[in-house]
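Can you make the complete structure from the sequences, with help from the hints?
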Amino acid sequence: MLLGIDVGGTHTDAVALDLSGPRVEVAASCKVPTKHDDLLSSVTEALRIILRDIDQSLIKQLNLSTTLSTNAIVEGRTEDVGLLVSAGPGIDPYNFQPCRDFHVLDGSIDHRGNEIKALPMRQAEKAIASCRKNGVRVFAAVGKFSTRNPRHENLIRRMVCQCTDEGACEGADFVTMGHEQGGALNFPRRVATSYFNCAVWRLYNGFATAVRRSLDDMGMSHVTVNMLKADGGTMPLEASRKIPVQSIFSGPAASVMGIIALCDIVHDSVILDIGGTTTDIAVFADGAPLVERDGISIGSHPTLVQALKVKSIGIGGDSAISVIGEEIRVGPHRLGPSVCQGGQRPTLTDALNCTGACALGNMEASKKAIADFAEKHSLSPEKLAETAVEYAARAIHKATRELVDEINSKPVYTIHELLEGKRVVPRKVYLMGGPAEAMKADLFKQFRLSTDVPSNYSVANAIGAALTRTTWELELFADTERHVLFIPSLSHRENIPTSYTEKDARKDAVNNLTIHLDKLGVFLKPEDAQITSSSSFNMVKGYDMVGRNIRVKCQVRPGVVRKIAS
Amino acid sequence: MLKAENTLGIIFFPAFDWSISPTHPEREERLLYTQDQLREEGIFDIEGIGEYKPGVAETEDIERVHFCFPETSSVVTRSHLVSAGGAIRAAELVMTGERRKSFALVRPPGHHAMKVVHGSRGFCTINIEAVMIEWIREHYGPKRVAIIDTDCHHGDGTQDVYWHDPDTLFISMHQDGRTLYPGTGFPQDLGGPAAMGRTLNIPLPPNTSDEGFLMALERIVMPILEDFKPDLIINSAGQDNHFTDPITNMNFSAQGYAALNEILQPDIAVLEGGYAIQGALPYVNLGICLAMAGVDYSQVREPDYSPEQWKQDARTTAYIEQLCEALPELYFTPPPFDGSEKSKQGIISGDWFIRHKDIYYDTDGISEAQIEMVYQCPHCRGLMKYETRSTNNPLCLGIEVPQGACRACKDLGYKMVEEAQIKGQYRYIQFINRRDKDYLRFGF
Numbered sequence: 001m002l003l004g005i006d007v008g009g010t011h012t013d014a015v016a017l018d019l020s021g022p023r024v025e026v027a028a029s030c031k032v033p034t035k036h037d038d039l040l041s042s043v044t045e046a047l048r049i050i051l052r053d054i055d056q057s058l059i060k061q062l063n064l065s066t067t068l069s070t071n072a073i074v075e076g077r078t079e080d081v082g083l084l085v086s087a088g089p090g091i092d093p094y095n096f097q098p099c100r101d102f103h104v105l106d107g108s109i110d111h112r113g114n115e116i117k118a119l120p121m122r123q124a125e126k127a128i129a130s131c132r133k134n135g136v137r138v139f140a141a142v143g144k145f146s147t148r149n150p151r152h153e154n155l156i157r158r159m160v161c162q163c164t165d166e167g168a169c170e171g172a173d174f175v176t177m178g179h180e181q182g183g184a185l186n187f188p189r190r191v192a193t194s195y196f197n198c199a200v201w202r203l204y205n206g207f208a209t210a211v212r213r214s215l216d217d218m219g220m221s222h223v224t225v226n227m228l229k230a231d232g233g234t235m236p237l238e239a240s241r242k243i244p245v246q247s248i249f250s251g252p253a254a255s256v257m258g259i260i261a262l263c264d265i266v267h268d269s270v271i272l273d274i275g276g277t278t279t280d281i282a283v284f285a286d287g288a289p290l291v292e293r294d295g296i297s298i299g300s301h302p303t304l305v306q307a308l309k310v311k312s313i314g315i316g317g318d319s320a321i322s323v324i325g326e327e328i329r330v331g332p333h334r335l336g337p338s339v340c341q342g343g344q345r346p347t348l349t350d351a352l353n354c355t356g357a358c359a360l361g362n363m364e365a366s367k368k369a370i371a372d373f374a375e376k377h378s379l380s381p382e383k384l385a386e387t388a389v390e391y392a393a394r395a396i397h398k399a400t401r402e403l404v405d406e407i408n409s410k411p412v413y414t415i416h417e418l419l420e421g422k423r424v425v426p427r428k429v430y431l432m433g434g435p436a437e438a439m440k441a442d443l444f445k446q447f448r449l450s451t452d453v454p455s456n457y458s459v460a461n462a463i464g465a466a467l468t469r470t471t472w473e474l475e476l477f478a479d480t481e482r483h484v485l486f487i488p489s490l491s492h493r494e495n496i497p498t499s500y501t502e503k504d505a506r507k508d509a510v511n512n513l514t515i516h517l518d519k520l521g522v523f524l525k526p527e528d529a530q531i532t533s534s535s536s537f538n539m540v541k542g543y544d545m546v547g548r549n550i551r552v553k554c555q556v557r558p559g560v561v562r563k564i565a566s
Numbered sequence: 001m002l003k004a005e006n007t008l009g010i011i012f013f014p015a016f017d018w019s020i021s022p023t024h025p026e027r028e029e030r031l032l033y034t035q036d037q038l039r040e041e042g043i044f045d046i047e048g049i050g051e052y053k054p055g056v057a058e059t060e061d062i063e064r065v066h067f068c069f070p071e072t073s074s075v076v077t078r079s080h081l082v083s084a085g086g087a088i089r090a091a092e093l094v095m096t097g098e099r100r101k102s103f104a105l106v107r108p109p110g111h112h113a114m115k116v117v118h119g120s121r122g123f124c125t126i127n128i129e130a131v132m133i134e135w136i137r138e139h140y141g142p143k144r145v146a147i148i149d150t151d152c153h154h155g156d157g158t159q160d161v162y163w164h165d166p167d168t169l170f171i172s173m174h175q176d177g178r179t180l181y182p183g184t185g186f187p188q189d190l191g192g193p194a195a196m197g198r199t200l201n202i203p204l205p206p207n208t209s210d211e212g213f214l215m216a217l218e219r220i221v222m223p224i225l226e227d228f229k230p231d232l233i234i235n236s237a238g239q240d241n242h243f244t245d246p247i248t249n250m251n252f253s254a255q256g257y258a259a260l261n262e263i264l265q266p267d268i269a270v271l272e273g274g275y276a277i278q279g280a281l282p283y284v285n286l287g288i289c290l291a292m293a294g295v296d297y298s299q300v301r302e303p304d305y306s307p308e309q310w311k312q313d314a315r316t317t318a319y320i321e322q323l324c325e326a327l328p329e330l331y332f333t334p335p336p337f338d339g340s341e342k343s344k345q346g347i348i349s350g351d352w353f354i355r356h357k358d359i360y361y362d363t364d365g366i367s368e369a370q371i372e373m374v375y376q377c378p379h380c381r382g383l384m385k386y387e388t389r390s391t392n393n394p395l396c397l398g399i400e401v402p403q404g405a406c407r408a409c410k411d412l413g414y415k416m417v418e419e420a421q422i423k424g425q426y427r428y429i430q431f432i433n434r435r436d437k438d439y440l441r442f443g444f
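One line per chain: the protein sequences are A and B, in this order. Reminder that position 59 of the first sequence reads as 59 in this note's numbering, one-by-one numbering, no gaps. Reminder that position 174 of the second sequence reads as 174 in this note's numbering, one-by-one numbering, no gaps.
Simulated from the structure, these hints should not be mistaken for laboratory data. Please note: incorrect hints may appear among the correct ones.
[Said to hold, decoys possible] Pairs of lysine-lysine, BS3-like flavour, derived with a Cα cap of 25 Å:
#1 Lys311/A - Lys3/B
#2 Lys53/B - Lys553/A
#3 Lys367/A - Lys440/A
#4 Lys31/A - Lys563/A
#5 Lys117/A - Lys311/B
#6 Lys311/A - Lys53/B
#7 Lys519/A - Lys507/A
#8 Lys422/A - Lys53/B
#9 Lys563/A - Lys525/A
#10 Lys3/B - Lys53/B
#11 Lys117/A - Lys563/A
#12 Lys553/A - Lys525/A
#13 Lys422/A - Lys440/A
#14 Lys410/B - Lys437/B
#15 Lys428/A - Lys311/A
[Unchecked claim] Only some residues are given here: those of chain B computed to face chain A with a beta carbon under 7 Å:
#16 Leu2
#17 Lys3
#18 Thr23
#19 Glu29
#20 Asp36
#21 Arg39
#22 Pro282
#23 Val300
#24 Tyr439
[To be verified] Each pair of labels, with its calculated beta carbon distance range:
#25 Val56/B - Arg557/A: 27 to 33 Å
#26 Arg557/A - Pro22/B: 30 to 36 Å
#27 Lys357/B - Ile116/A: 45 to 51 Å
#28 Thr498/A - Val56/B: 36 to 42 Å
#29 Thr498/A - Phe16/B: 21 to 27 Å
#30 Glu125/A - Lys311/B: 50 to 56 Å
#31 Tyr543/A - Ile347/B: 40 to 46 Å
#32 Lys133/A - Arg219/B: 52 to 58 Å
#33 Lys311/B - Asn134/A: 42 to 48 Å
#34 Asp286/A - Thr96/B: 29 to 35 Å
#35 Thr164/A - Glu218/B: 27 to 33 Å
#36 Ile116/A - Ile247/B: 23 to 29 Å
C-beta: ideal position from N, C-alpha, C; glycine also.
This is the structure we're talking about:
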């Protein structure tokens, strides 16, 4: 039995899935309102409702997606971070300063990982002392080209934390090292990612501890807990404590994974998750979701956090209807719930109630609100409701077209490969979320494409969370002239012989990925690990070849453990 | 967040699968560290700077410029087409207004490729700047173009392509030809009879540093540009003047290159040479990108750079000062063209300008003997005729009706092609008619 919980902006959705039979069955599901000031209580409430009908000893795993870190950043409830960088020559690092306690140290490492200038210890000590004076307890150490040689970051960590292990000590509660945030080259993104990782660390860990404790209290100590990531994979709870930044923007990923679990997607497709406040649009190419090429931006800071490519627009069931001049509009603002649910302003859902597309809550209230609103603007109620629904469908269609155009004009990666020269031409539309069924006919009119609404569409995101499998990715960098192999995200370094080849590197990348996941308690079949890019360059000095520069990237492809028959 | 003052498009084509040989300076590794550096600096996250994929040039794009023998497909690889396609993409971004400026960071390079192509010389087969410029003129009409070639080697190919074109100003700053390949590029080379002064060479002495380069730029190049008033400024951006470059002897730095671009303000830059692939290219290319985009580059420097160490001596400065005095005159008041028998620049015989050229293709080991002829038309730039034979090909003919040619020159062109076919003394004939966009080949 697998549990999935998605803590969303409006509702917290939960499901329990029974995988014992030939078909995956939804054993229980529920929706509870999200309490933003106490997310844990939303989680435990959803758990209690689900567990009423289920033998909890059968539960093996809970996958959780939460807006906790995202909200903390949006609302500015983050912790002060001491950020020490070793940048060397290039663009002035002060351009990327995300926080007050930011110190640039004079060290320098080049693109091959050679130390050009040692880290000045006195300068580093002064910087750390200045952070301590400001009461800073979490630190980030980031070096340019640290993914080729993390020496300066390691030195900074040892100076901040006087202990040898990675636990908290008197010097600091937590230190983030830039190279562990991923092997991709991008110093400003590494700075931002490391900063945010520190800034939400305490809050996230408090939540993680509380979730674990609640499960223990409910007698579910045996349950494995995984957190969702924005790239459509999960990470084990214990591993996530060191990389909380990866939990940011994981909500849309749960929806996309839900659709993958519920439907057999083989063509280029559009996924529309119509929620209360927004509609999230995702695009699939050849049945696989598209990912952001470099990583998402948090606020105005681009980061290394991998994410599915999802576009959100301000149109959902609770979006208010307005009349401006001749035009009838829906959204982008949400002004309380729909009238049928006790709100004040008529919404898209109220309009759908009037056109007969759905029957939600207090139908009479919807009709009256629409009629009153129509009269105020000298319109017929039918016309108002129909035009509002049509407006919403047209806006969603337009935003989707723009997203597809953007994808086709820029190089984007699919989840596993570069789309070289391929154009995405959607042939199918999948709908989910509360108003999905009600909007189906109007969206079909706009898209003129086969439009599907899977059963269980209203909790598809929680189903997606429950079935999402653990993913990991790593980059391996080998330099046979310097006789060294380095995997930044694992801080793994070993010596290699001159004869080391690209083939050896591919094998080592897969092995290290498997071993690492094994340590986290995740069993990996060898075929689950994929090499996503691999190259080898001859390095020449004078006219002699002196070695090879080898780069290999390897990942467990995000996906679901089982499909659900819809 | 950083924002570019000028929007900049960067076209990156490292040709990771093309090389002349595994240990040749022009090999796969060449742009690897540049790519690493640009990515690590997060340059594509700067608002206003975008990365673009190159296009693939068509055979017609090549044959609009070059006479390729025996045929285009046998001298050009796919990488050359992508490299030229990258330059065309750079031009397209600027011409459509999508970006203010663009930089084609592509290889293989092209500025040693001449009008007639039998093979590869100086690592170049196709003149990607010329292909790009003629693509612009084909699609956007006649344009006055200035090409400033800052590669350490004389841009002899580009000079040859534009020798007779008064609408193209070609200025090459390079290490003195007496000390470096290809051994050409002296002040007396000023262009053909109708384009005297439109070619200008600035041979700089070995060990010229930032000071000397920028002095020549400010005192020779900039006043000429101001006078010429080009519609477009192209930088043929070779980066082998760097103090660490293994095959040259100059002392230019990344700061110097960035400053050069800040002063020159090219619309489009196209990468040429530059073989210090670890110590120079990553920093120089970064500096140029930032300078073109109008972003602060003051902290870009090579790890081992100290300005004091690479300062030029007083003799070098004095010599360059002399050049600054003498060279502008050659543009502003060029001497009359001497077409007599004793001239080394070619002779005028009847209505024709004629010169003989012996060209050695060092990369491919081919020798070519060529007769270049230009009809001295009082109404237009004049019909051009190339008779060429090489160790690779028997006698071949190239005829070109230039853009803006008069009716008579066009008719003469067709007549000469027809006669050449009937008489049959040429193995291959290529005809370029820029006036009517008619491109023909015979003999296959």
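So, going through the hints one by one against the coordinates:
no.: 1; hint: Lys311/A - Lys3/B; verdict: holds (24 Å)
no.: 2; hint: Lys53/B - Lys553/A; verdict: holds (22 Å)
no.: 3; hint: Lys367/A - Lys440/A; verdict: holds (21 Å)
no.: 4; hint: Lys31/A - Lys563/A; verdict: holds (22 Å)
no.: 5; hint: Lys117/A - Lys311/B; verdict: holds (23 Å)
no.: 6; hint: Lys311/A - Lys53/B; verdict: holds (24 Å)
no.: 7; hint: Lys519/A - Lys507/A; verdict: holds (18 Å)
no.: 8; hint: Lys422/A - Lys53/B; verdict: holds (13 Å)
no.: 9; hint: Lys563/A - Lys525/A; verdict: holds (18 Å)
no.: 10; hint: Lys3/B - Lys53/B; verdict: holds (22 Å)
no.: 11; hint: Lys117/A - Lys563/A; verdict: violated (53 Å)
no.: 12; hint: Lys553/A - Lys525/A; verdict: holds (18 Å)
no.: 13; hint: Lys422/A - Lys440/A; verdict: violated (29 Å)
no.: 14; hint: Lys410/B - Lys437/B; verdict: holds (12 Å)
no.: 15; hint: Lys428/A - Lys311/A; verdict: holds (18 Å)
no.: 16; hint: Leu2; verdict: holds (5 Å)
no.: 17; hint: Lys3; verdict: violated (10 Å)
no.: 18; hint: Thr23; verdict: holds (5 Å)
no.: 19; hint: Glu29; verdict: holds (5 Å)
no.: 20; hint: Asp36; verdict: holds (4 Å)
no.: 21; hint: Arg39; verdict: holds (4 Å)
no.: 22; hint: Pro282; verdict: holds (6 Å)
no.: 23; hint: Val300; verdict: holds (6 Å)
no.: 24; hint: Tyr439; verdict: violated (27 Å)
no.: 25; hint: Val56/B - Arg557/A: 27 to 33 Å; verdict: holds (31 Å)
no.: 26; hint: Arg557/A - Pro22/B: 30 to 36 Å; verdict: holds (34 Å)
no.: 27; hint: Lys357/B - Ile116/A: 45 to 51 Å; verdict: holds (48 Å)
no.: 28; hint: Thr498/A - Val56/B: 36 to 42 Å; verdict: holds (38 Å)
no.: 29; hint: Thr498/A - Phe16/B: 21 to 27 Å; verdict: holds (22 Å)
no.: 30; hint: Glu125/A - Lys311/B: 50 to 56 Å; verdict: violated (36 Å)
no.: 31; hint: Tyr543/A - Ile347/B: 40 to 46 Å; verdict: holds (43 Å)
no.: 32; hint: Lys133/A - Arg219/B: 52 to 58 Å; verdict: holds (54 Å)
no.: 33; hint: Lys311/B - Asn134/A: 42 to 48 Å; verdict: holds (44 Å)
no.: 34; hint: Asp286/A - Thr96/B: 29 to 35 Å; verdict: holds (31 Å)
no.: 35; hint: Thr164/A - Glu218/B: 27 to 33 Å; verdict: violated (58 Å)
no.: 36; hint: Ile116/A - Ile247/B: 23 to 29 Å; verdict: holds (24 Å)
Checked against the numbered hints listed earlier, the structure breaks hints 11, 13, 17, 24, 30 and 35; every other hint is satisfied.
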